[in-house]
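Enquirer: What follows is the residue order along each chain.
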Amino acid sequence: MIKTWELDPGFKHEIMKEPGGEHLTSCYQCSTCTIGCPITEIVPSYNPRKIIQMSLLGMREEVLSNPDLWICLICQTCTARCPQDVGISDLLSAIRRIAEKDEEAGKLKIESPRPLFDTAFLHTVEKYGRLYDIGLAMEYYPKREGSFVAGQKAMMKDYMAFGMRMFFKGKMGPLGGHGLLKGVLPSKIKKTDVMKKIFKWAEEKEK
Amino acid sequence: MSITKLAYYPGCPSEATALDQHISTEAVFEKLGVELVEVEDWNCCGAAEAENPMLVYALNARNLAIAERASLNIMTPCSICYYNLARTAKALKEDEKLSAEIKGIDSSLEYNGTITAKHVLDVLVNDIGMDELKSKIVKKLNIKVAPYYGCYIGRPRETAYDDPDDPVLMDKLIELMGGENVPFSQMKTLCCGGPLMMTRADIAFDMARTILDTAKSAGADCVALACPLCGMMLDAKQADIEKALNIKIEMPVVYITQLLGLALGIDASKLGLDKNAVDTKELLGKVV
Ligand code: SF4
Ligand code: SF4
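Top to bottom, those sequences are chains X and H. Counting in the working numbering, the first sequence runs from 1 upward without gaps. Counting in the working numbering, the second sequence runs from 1001 upward without gaps.
None of these hints come from the bench; they were simulated from the model. Mixed in with the good hints, there may be bad ones.
[What the hints assert, rightly or not] Here are a few chain X residues that face chain H, going by a calculated C-beta distance under 10 Å: (1) Phe148; (2) Lys190; (3) Val194.
[Unchecked claim] Some chain X residues flagged as far from chain H (calculated, every beta-carbon gap over 10 Å): (4) Gly10; (5) Thr34; (6) Gly106.
[Said to hold, decoys possible] The calculated lysine-lysine pairs, modelled on BS3-like cross-linking and capped at a C-alpha distance of 25 Å, are: (7) Lys1103(H) / Lys205(X); (8) Lys1216(H) / Lys1144(H); (9) Lys197(X) / Lys1093(H).
Where a beta carbon is used, it is the ideal one built from N, C-alpha and C, also for glycine.
For reference, chain X alone in the conformation it holds in the complex (with noise of 0.2 Å):
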């Protein structure tokens, strides 16, 4: 049941006001959108029509809770599709950035990796100008475990096996392709103070 006296009317205009929301309410619930997308397809409560609804509704702490948020792959299958020009690939991504703000405001906890992942690719390109995976690796899964410990031996995991692969095809490491420490040290450009200025602005626009 809805509790028609916990929706947000604002909640629309929220979403609407963020870069990509704009369109939400063009949205006809024709359902377009969720038939093809290939994450229904493996996880069947995954329903971007509803994630649009329920917005609409104003069910505000409902939609930014629901960890459904978090799988969608950013294909822009939906986008493409809808006969409504919703936007809905970016349209998450804007109700993605609106859970992210209301976690960090401590109003929310979100129950994925996703946006750890995501800062700890962006904060190496912050410090270097490119993506240095080893950085990544370092700060995304002793926060994802809890602990360093944990997050080495998980990253163990995922990475032995892998590494040593592109180790010996000399794709990374000693053997790499150009320069002797490929993708072990990281990759830094010349202007780094380049970098540092423009995360800076985009967090500014994203307040």
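Given chain X, work out where chain H with the ligands should sit, using these hints.
Expert: Chain H with the ligands in isolation, oriented as in the chain X frame:
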């Protein structure tokens, strides 16, 4: 053929996991007589991890601006880099206020909309063109190929350069090289699962497995692709998928630039064909 020079944006995977794609792209363009000028001091495009579009626009404005100062169109071998570059170019061209604001972050981010961003596959088929490629092909690929396109080639509409449901650019190239395309339309544009690899490997593996399994039952000798993240999922992670799901796939996965390089008569070692995770030796025997 009119293009002789392009700015080249390799993208982060080019330095490690997609070294093979990077090497083969450079070798193919050298052979075709198109000079690639690497975007000087290029930065990451933000990939799928930068969810804030403003961050994507600012990061990519810098790369576009560097290419623009050299008066060169910018080309990348990665589908996600392409999408981020192309949507930034579009947004900045259409929104003067945004463009001015981004320039305000740092003067090096000044992009005036005079150059465009393209994916390697688009440049090969549509700019260099089939006739030119045909005239330079010296070897025949006696192989059956599953052409896999993934995301961002045919969608979203604003930046697409091929059909959203049944893309054909790679199919055309494979035919031109004497290869045979296996029936693969159900899988062509399905996402590889890559964006969930580190947070929901179970889902990501399931998706990659479906693609590889379909290629296998269609009788393909290999899967051809045009994106380093797809390469990561389908090739580099294939052994992990086999282990996790307790199955055998053993499907070679190659970049379209590696196949084209072979057809152009470039030596396999210069195309990084010793670096693909799943062995490609059997494939090489079928190039005559
Ligand atoms: S396809 Fe578009 S209009 Fe139809 S339900 Fe999905 S978002 Fe709404
Ligand atoms: S972008 Fe997300 S919601 Fe849309 S089709 Fe892909 S996985 Fe489904």
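Enquirer: Evaluate each hint against the coordinates.
Expert: Going through the hints against the structure:
1. Phe148: violated (18 Å)
2. Lys190: This hint holds: Lys190(X) lies near chain H, its Cβ roughly 5 Å from the closest one there, short of 10 Å.
3. Val194: holds (5 Å)
4. Gly10: holds (22 Å)
5. Thr34: holds (15 Å)
6. Gly106: Label holds. Min Cβ-Cβ 21 Å, cutoff 10 Å.
7. Lys1103(H) / Lys205(X): holds (15 Å)
8. Lys1216(H) / Lys1144(H): Measuring from Cα to Cα gives roughly 11 Å; hence the hint holds.
9. Lys197(X) / Lys1093(H): Distance of about 22 Å is within 25 Å: holds.
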